[in-house]
Amino acid sequence: MARNLTIRYQRTFLGFVWALLNPLVTIAILVSVFGFVLRVGVADYWMFLVSGYFAWIFVVHTVSACAVTIRDHAHLVRNSAFPTEILVFSTAGVRLLELGIELLVVALVVGVLRHGGPPSSLLLLPVLVALLLGLTVAVALPVAAAAVFFTDVEFALPVGMTLLGYLSPVFYPVSLVPASWVSWYRVNPVADLLTMFHLTIYDGAWPPVALVARSALVIGVLLAIGLALFRWKRDLFAEVA
Amino acid sequence: MAPPVIVVDGASKQFYHYTHRPTSLQQAVLRAFRGDRAPQTAPHFDLQPLSLTVTRGEAVAIVGHNGSGKSTLLRLMAGVYPPSTGRVDVAGRVVAVLELGAAFQPELTGTENAELYAATLGMPRPELRRRLPQLLAFAGTEEFADVPLKYYSSGMRSRLAFAVATHVDGDTLLLDEVLAVGDAEFRSRCLATLAAHRAAGGTMVVVSHDTEAISALCTRGVWMSHGAVRADGPIAEVLAAYQGDAH
Chain A
1 MARNLTIRYQ
11 RTFLGFVWAL
21 LNPLVTIAIL
31 VSVFGFVLRV
41 GVADYWMFLV
51 SGYFAWIFVV
61 HTVSACAVTI
71 RDHAHLVRNS
81 AFPTEILVFS
91 TAGVRLLELG
101 IELLVVALVV
111 GVLRHGGPPS
121 SLLLLPVLVA
131 LLLGLTVAVA
141 LPVAAAAVFF
151 TDVEFALPVG
161 MTLLGYLSPV
171 FYPVSLVPAS
181 WVSWYRVNPV
191 ADLLTMFHLT
201 IYDGAWPPVA
211 LVARSALVIG
221 VLLAIGLALF
231 RWKRDLFAEV
241 A
Chain B
1 MAPPVIVVDG
11 ASKQFYHYTH
21 RPTSLQQAVL
31 RAFRGDRAPQ
41 TAPHFDLQPL
51 SLTVTRGEAV
61 AIVGHNGSGK
71 STLLRLMAGV
81 YPPSTGRVDV
91 AGRVVAVLEL
101 GAAFQPELTG
111 TENAELYAAT
121 LGMPRPELRR
131 RLPQLLAFAG
141 TEEFADVPLK
151 YYSSGMRSRL
161 AFAVATHVDG
171 DTLLLDEVLA
181 VGDAEFRSRC
191 LATLAAHRAA
201 GGTMVVVSHD
211 TEAISALCTR
221 GVWMSHGAVR
231 ADGPIAEVLA
241 AYQGDAH
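These protein sequence lines are chains A and B, in that order. For the first sequence, the positions run 1 to 241 when the working numbering is used. For the second sequence, the positions run 1 to 247 when the working numbering is used.
Next up, chain A with everything else stripped away, as it sits in the complex (with noise of 0.2 Å):
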């Protein structure tokens, strides 16, 4: 783990800073376009923004390089035994600390500017980073197995990714979501994750406890598929992969 994260800035110039410099970027473009063109009528847009970009960030890259390490460390794959899960286990661990320190600066900031303090909902955001590790491990699982096996994968995972991602509440709140619509949209389990993210950070309030049980068997029953996938396929990666 320590290994991954050495190596991804070792031999760059501004090595850390580019963790920082890039979703900056971006949430700075979001914002423009969001919150002064389009004026999706959120006060403190920004606030919202960062309150669930982060999250969904850290879906996106960690099942993204999930999709490449099985086939990256081929070598240890086919030369020793050991349970390859641990491959995604570590590399989401990686992204795990970048996501700590990003909702760590969002959490502050927000609860300074906004609530005039950090509020107690705060409390909560361990209990939401271990769902949205959950959630991201579930889908990262199955989607690393079958790269080994389709190099479709490395190609789909993209238009997939912003796809679920226009179909989740990260850059509009679910209130603007047509209300017919609502009981659909919550079937995705990403939606139910970044509302708690967005109550807990942007307004400072504790989420109803029925939805934070809701998603989190919701994502215990999802992980369990995740890693049932994941295993059945994993004895033919030493001689795939």
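Hint data in this document are derived by calculation from the structure and do not stem from the laboratory. All C-beta atoms, glycine included, are put in the ideal place defined by N, C-alpha and C. A hint or two may mislead.
[What the hints assert, rightly or not] Selected chain B positions facing chain A (in silico; Cβ < 7 Å): (1) ALA78; (2) TYR81; (3) ALA102; (4) PRO106; (5) TYR242; (6) ASP245.
Fit chain B to the given chain A structure using the hints.
Coordinates of chain B only, in the frame set by chain A:
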């Protein structure tokens, strides 16, 4: 009789053939629609069911032509491939060196790579730290300990990898074609290390074409041919039969 450390019981390995599998989603979908399954009419066993027991302290050499199933057998013993049928049971700490430096990362230094490789072979970091000076001295790469691995010569890389592999203290060593590393001087030191491993009661299974080395090192020979055991017995006899067959 010494207790068995590796028991291969009717284990076989059938590969998931590259040519038989769809290489893209398009192919997979087309196949599903056409209803033609992967062309697996004749099941082709790469390793036929075989049984083999290695007891503690034994030194077994696996010989045979390229593609005869030597490495597949070793990978089954190492647990990299689960057997398609039968079972493989292993006792104690098995260190499998199937490819030297499998985990090496070119951007990391010699020391970092040694730690990483040892970790993948099952040795915890503190233990390795303790043995590092000795290990680097053995490999003869002390002066380059903090140099990224990409600047190493291939000989130095192999030497470092071999040094790590023999310093992780496995009860059983599984070695695949790793005797032919480094120069003559390093090779003789490798052989001395392996002889010391045996003298200490360690077990090993070696795949090698280096008949001179294995006849000095091993007591038992297993001759593989077309995915099956052709002969199994004292090393001198098996080697004689194998070499006689080649001529």
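- Query: Which hint numbers doesn't this structure obey?
  - Reply: 4, 5, 6
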